[in-house]
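Single-letter residue listing:
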Amino acid sequence: AQKVTQAQTEISVVEKEDVTLDCVYETRDTTYYLFWYKQPPSGELVFLIRRNSFDEQNEISGRYSWNFQKSTSSFNFTITASQVVDSAVYFCALSEQENTGFQKLVFGTGTRLLVSP
Amino acid sequence: DTGVSQDPRHKITKRGQNVTFRCDPISEHNRLYWYRQTLGQGPEFLTYFQNEAQLEKSRLLSDRFSAERPKGSFSTLEIQRTEQGDSAMYLCASSLVETSTDTQYFGPGTRLTVL
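Residue numbers (this note's numbering), protein chains in the order written: chain W, 85 to 201; chain V, 10 to 124.
By construction, these hints were calculated from the structure, which means they are not laboratory data. Idealized CB from N, CA, C, for every residue including glycine. Where hints are given, some of them may not hold.
Unchecked claim - Derived contacts from chain V toward chain W, CB cut-off under 8 Å, selection only:
{"hint": "1", "residue": "GLY49"}
{"hint": "2", "residue": "PHE54"}
{"hint": "3", "residue": "SER71"}
{"hint": "4", "residue": "PHE74"}
{"hint": "5", "residue": "ALA97"}
{"hint": "6", "residue": "MET98"}
{"hint": "7", "residue": "THR112"}
{"hint": "8", "residue": "PHE115"}
{"hint": "9", "residue": "GLY116"}
{"hint": "10", "residue": "PRO117"}
{"hint": "11", "residue": "GLY118"}
{"hint": "12", "residue": "LEU121"}
As the list claims (entries may be wrong) - Okay, derived cross-link-like pairs now, DSBU-like style, lysine-lysine, Cα gap no bigger than 35 Å in a straight line:
{"hint": "13", "chain 1": "W", "residue 1": "LYS188", "chain 2": "V", "residue 2": "LYS23"}
{"hint": "14", "chain 1": "V", "residue 1": "LYS23", "chain 2": "W", "residue 2": "LYS154"}
{"hint": "15", "chain 1": "W", "residue 1": "LYS154", "chain 2": "W", "residue 2": "LYS100"}
{"hint": "16", "chain 1": "V", "residue 1": "LYS80", "chain 2": "V", "residue 2": "LYS23"}
{"hint": "17", "chain 1": "V", "residue 1": "LYS66", "chain 2": "W", "residue 2": "LYS154"}
With the hints as extra help, turn the sequences into a complete structure.
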């Protein structure tokens, strides 16, 4: 069965520090997709990135970067030079494509990031 | 381009009452999903529509829950005879199916409190 583990429940950093959020997943399929979402205090899940299982290239978007390693089933997320506005709960999610084309997201339990000034 | 909207944002009800939530997806999106999120947990899948057809339901969706998407646009989620265990955030997401996958965009959620 699919499973996503985010072992870090809460991380506290001081502004401008770099921080890495860990994500480990389990799946039997060879075709799958990984996602990161941000959930600020307002509650809305904000899409950050999608990565398919055939693309192991790391990605950088501004202060955000993602490291996908199939060998260790990990999809870690790094925020460089963190800011107070980065404070939120971050969720890693996994989806598998069913025969009907339907994709259900399986989420981890999230990592709460607190960035203090 | 407006995002996914949900109404109401908050609902407080007494045990045993019925409640209904509405979700308006992004206008051109043909897939719509409902998730439930309890405190300290990630969202859990409830059900999914492609256009007006409900194609998948989780076993979390008991007989007291029903969802509709009558014209393939907005959707409603109704909970009958609410129980305290139904207290949660109910999230709606929509997506546009592509050739390989689709990205789900979420609304702000409806927080339900059952007293």
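These are the hints, each one checked on the structure:
1. GLY49: Hint holds; V:GLY49 Cβ to chain W Cβ min 7 Å, cut 8 Å.
2. PHE54: Because about 5 Å separates V:PHE54 from the closest Cβ in chain W, which is inside the 8 Å limit, the hint holds.
3. SER71: The hint is violated - V:SER71 has no Cβ within 8 Å of chain W, the shortest such distance being about 18 Å.
4. PHE74: 17 Å, violated
5. ALA97: Not OK, violated: V:ALA97 not within 8 Å of chain W, min 12 Å.
6. MET98: 6 Å, holds
7. THR112: 5 Å, holds
8. PHE115: At about 4 Å, which falls below the 8 Å cut-off, the nearest Cβ of chain W leaves the hint on V:PHE115 intact, so it holds.
9. GLY116: 7 Å, holds
10. PRO117: 4 Å, holds
11. GLY118: 5 Å, holds
12. LEU121: Hint violated; V:LEU121 Cβ to chain W Cβ min 13 Å, cut 8 Å.
13. W:LYS188 - V:LYS23: 31 Å, holds
14. V:LYS23 - W:LYS154: 48 Å, violated
15. W:LYS154 - W:LYS100: 30 Å, holds
16. V:LYS80 - V:LYS23: Answer holds: V:LYS80 to V:LYS23 is near 31 Å, not above 35 Å.
17. V:LYS66 - W:LYS154: Holds: V:LYS66 and W:LYS154 sit about 30 Å apart, inside 35 Å.
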